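Undergrad: Model the full structure from these sequences, guided by the hints.
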Amino acid sequence: MQPRLHHPWPEDEAAALALQRQLAGQVERHDRLDDIRLVAGLDVAYDEHSDRLVAAAVVLDAHTLVVVEQAVAVDVARFPYIPGLFSFRELPPLVQALGRLSLRPDLIVCDGQGIAHPRRFGLACHVGLLFDVPSIGCGKTRLLGQHDQAGPERGDSTPLRDGDDIIGSALRTQRGIKPVYVSTGHRIALPTACHWITRLCSKYRLPETTRMADQLVRREMAAGLGGRKED
DNA sequence: GCGACAG
DNA sequence: ATCTTGTCGC
Numbered sequence: 082m083q084p085r086l087h088h089p090w091p092e093d094e095a096a097a098l099a100l101q102r103q104l105a106g107q108v109e110r111h112d113r114l115d116d117i118r119l120v121a122g123l124d125v126a127y128d129e130h131s132d133r134l135v136a137a138a139v140v141l142d143a144h145t146l147v148v149v150e151q152a153v154a155v156d157v158a159r160f161p162y163i164p165g166l167f168s169f170r171e172l173p174p175l176v177q178a179l180g181r182l183s184l185r186p187d188l189i190v191c192d193g194q195g196i197a198h199p200r201r202f203g204l205a206c207h208v209g210l211l212f213d214v215p216s217i218g219c220g221k222t223r224l225l226g227q228h229d230q231a232g233p234e235r236g237d238s239t240p241l242r243d244g245d246d247i248i249g250s251a252l253r254t255q256r257g258i259k260p261v262y263v264s265t266g267h268r269i270a271l272p273t274a275c276h277w278i279t280r281l282c283s284k285y286r287l288p289e290t291t292r293m294a295d296q297l298v299r300r301e302m303a304a305g306l307g308g309r310k311e312d
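If you use the working numbering, the first sequence corresponds to residues 82 to 312, in order.
No lab work stands behind these hints: they were computed from the structure. Keep in mind that a hint or two might mislead.
Okay, the calculated beta carbon distance ranges per label pair [stated by the list, open to error]:
hint, residue 1, residue 2, range
1, D246, A99, 15 to 25 Å
2, E92, E234, 17 to 27 Å
3, A304, P272, 35 to 45 Å
4, P240, L114, 19 to 29 Å
5, L146, E92, 32 to 42 Å
6, H144, Y285, 14 to 24 Å
7, P91, T222, 18 to 28 Å
8, R159, R200, 15 to 25 Å
9, R300, P199, 32 to 42 Å
These numbers were taken from a predicted model, which means no experiment stands behind them. Just so you know, even glycine gets a beta-carbon here, dropped at the ideal spot from N, CA and C.
TA: Have a look at this one:
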């Protein structure tokens, strides 16, 4: 699977901000979905002693949640971690990993925010837009916004608000467990996104997609501790 | 100026 | 993100 949209890579923070403001206008916040048969999960791991990043893309059967394909990529960080500019750090290796998939997923779940972002352009929006695939942001913590306490049952949620805007949901994916932050990435409405995340969190707090991707990047990081700088 | 701040 | 396995508690 290759990107369908290309844009110049920003050289500095100011260019990255300008690019986000421009691309944010192209994000689609409503459902424009095909039958969802394949769901991909993405994750990135960091090596604290070098500047290496390992990215993974794992494709699951959307019905059985069985892994059907996976790919990894190693890269060197080209952008520092700056809250709000997260995608410019993680996107390069993620694009490589996604490019190594033979299957084209019908939905992508990202570890981070979608439009629950200062400029409404989190990592999930960026990935979804580049590949023109419906995408969801599912973060473990909040970047922006306020919310009430979500109900205690699996599937309960409460709106995440930034002023008058509803930018996402705090979603309880297991009974009595701390909620996750769900937001539209691209081509999927918030309620639909919450349904899918709930479905993907079949046994744990986090979606199986991100869990599988997380396990893969960790294995890969451990396996490549003394070698490859990138690939 | 102070606090917040995805991974 | 990362340091980190078993262990205390409901």
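Undergrad: Find the hints from earlier in the document that the structure breaks and name them by number, from lowest to highest.
TA: 2
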